[in-house]
Amino acid sequence: MAYSDKVVDHFNNPRNMGSFKKDDEDVGTGMVGAPECGDVMKLQIKVQNDTIVDAKFKTFGCGSAIASSSLATEWLKGKTLEEAQKIKNTDIVQELNLPPVKIHCSVLAEDAIKAALADYQKKAENK
Amino acid sequence: MKFPIFLDNHSTTPMDPRVLEAMLPYFIEKFGNAASRNHTFGWEAEEAVDTARKQIARLIKADPKEIVFTSGATESDNLALKGVLEMYKEKGNHIITATTEHRAVLDTAKSLEAKGLATVTYLSVDKQGTVNPQDVRNAITDKTVLISMMLANNEIGTINPVQEIGKIAKEKGVLFHCDATQGIGKIPVDVQAMGIDLMSFSAHKLYGPKGIGALYVRKKNPRVRIAAQMDGGGHERGMRSGTLAVPLIVGFGKACELCEQEMPTESARLVKMRDRLQTGIMAALEETYLNGHPTNRLPGNLNISFAYVEGESLLMGMKEIALSSGSACTSATLEPSYVLRALGVGTELAHSSIRFGIGRFNTDEEIDYAIKKVIEIVTKLREMSPLYEMAKEGVDLKSVQWAAH
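Line order of the protein sequences matches chains B and R. To convert, note that position 122 of the first sequence is 160 in this note's numbering; the numbers rise steadily by one, no gaps. To convert, note that position 313 of the second sequence is 314 in this note's numbering; the numbers rise steadily by one, no gaps.
It is worth saying that the hints were derived from the structure and are not from the lab. Backbone N, C-alpha and C define an ideal beta-carbon position, used for all residues, glycine too. Please note that a few of the clues may not be correct.
Stated by the list, open to error - With a straight-line Cα cutoff of 27 Å, these simulated DSS-like cross-link-like pairs (lysine-lysine) come out:
id, chain 1, residue 1, chain 2, residue 2
1, B, K152, R, K374
2, R, K3, B, K126
3, R, K381, B, K44
4, R, K374, B, K60
5, B, K44, R, K374
As the list claims (entries may be wrong) - Now the in silico label distances, taken between C-beta atoms and shown as ranges:
id, chain 1, residue 1, chain 2, residue 2, range
6, R, G234, B, N50, 52 to 58 Å
7, B, E112, R, L118, 52 to 58 Å
8, B, V139, R, A323, 16 to 22 Å
Using the sequences plus the hints, can you model the full thing?
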């Protein structure tokens, strides 16, 4: 099973790896997956004026999972909340050339994005 | 140092150059069919096969006539289980085996169950992967015709109490099959002392060629009979038809001879390297867990779980070292290692495991390089891991509600 160059690149040079303070009011956090499944992704967004100005990720999972979440943070930066909702796992599959057996990694990344957006939304509503 | 470094000697081994040398004449010069009775081509092939039988038998303290050649340990396992069930069906159809056996045994047992030809008891193992002989004794019924227990486990290296199991089998009049694929050539095997009636093993796990294995079939006390699964010509005393793969057999024999000669010094050397690797890694990193028995394990085997990092990403970060993992992501079926699960290791740690297999051709330099790399990549991946972050914050991961999909 050879990995695509892009997956290897994200693995060796992860983009935006790290964490924001979960309690900051401009931060949305999405945590998806489960240790028993071998995949856990934490995706965070920093939002100003309905635009994602920064994003960070941390992932427990295989190379494809790490690459999917790293790519997600790259794509999220600069998007509005509405645009971010439109990111589909199939876009990730295409960009990273994920084989069928790794498609679920991209699905998890999409779930993580949606979870982060939902978390931010809830915070914004409660303000 | 040559890259990539091969530290996956439980999956297969490189052929010993001396084995290759022994095999070469039998491809082009001495290419006869060992069953050709009427000319020198056949006779010299047959002689080479006889020599190999002797070399193999000596390694396991058997009689050369008790060696049946097959295409490998998988075929031997199939032949043992199916052959015995068919032959002894008047006596019964119950098999006792364990949950940590190789797929070649488990899938064969399941296939027999599915066809209504056998009922199978799958004994569980303790936390270190050892079968309890008492459990074997308790599982025997008057319909039991076969006990199948491996000598040593391919993933965690744990060595089973084969001698005790053999004694119980003898006492109860049940045949004992041992899949010895991982143990032969690494630890001493004596089919007499161990009370073994049938034994599977293959050449490519002991620096011999792929494509050849053997089934030891006891001839005396008791005389074991099996129904052939390959018909057509009656080779191997009617137990396994098919023209013998002479060059492979010659290689198999030579590989066994070398193992017999080198085993004492080699296993001491492998244990030293393995212990060095183990200490080097586990002293430098926190939350690492050894899978399998701490001392009663194969000389070159090490299996460690690294909490908070996943196995496939570990392997990816050490591409220049060949290893294997119990992680679901590395298996074709996306299931984590059933062996680690059987130990009660917990699926999360099963996903985080790496198996190291040190062999004859590994060097101390390679071990030191591996230690360095493992520490490096585990540290890097823990930085990247949300689980590590949570653990460091004092979160009890077992109490978290995960939003799994």
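Which numbered hints are broken by the structure, listed smallest first? Violated hints (numbers, rising): 1, 2 and 4; every other hint is consistent with the structure.
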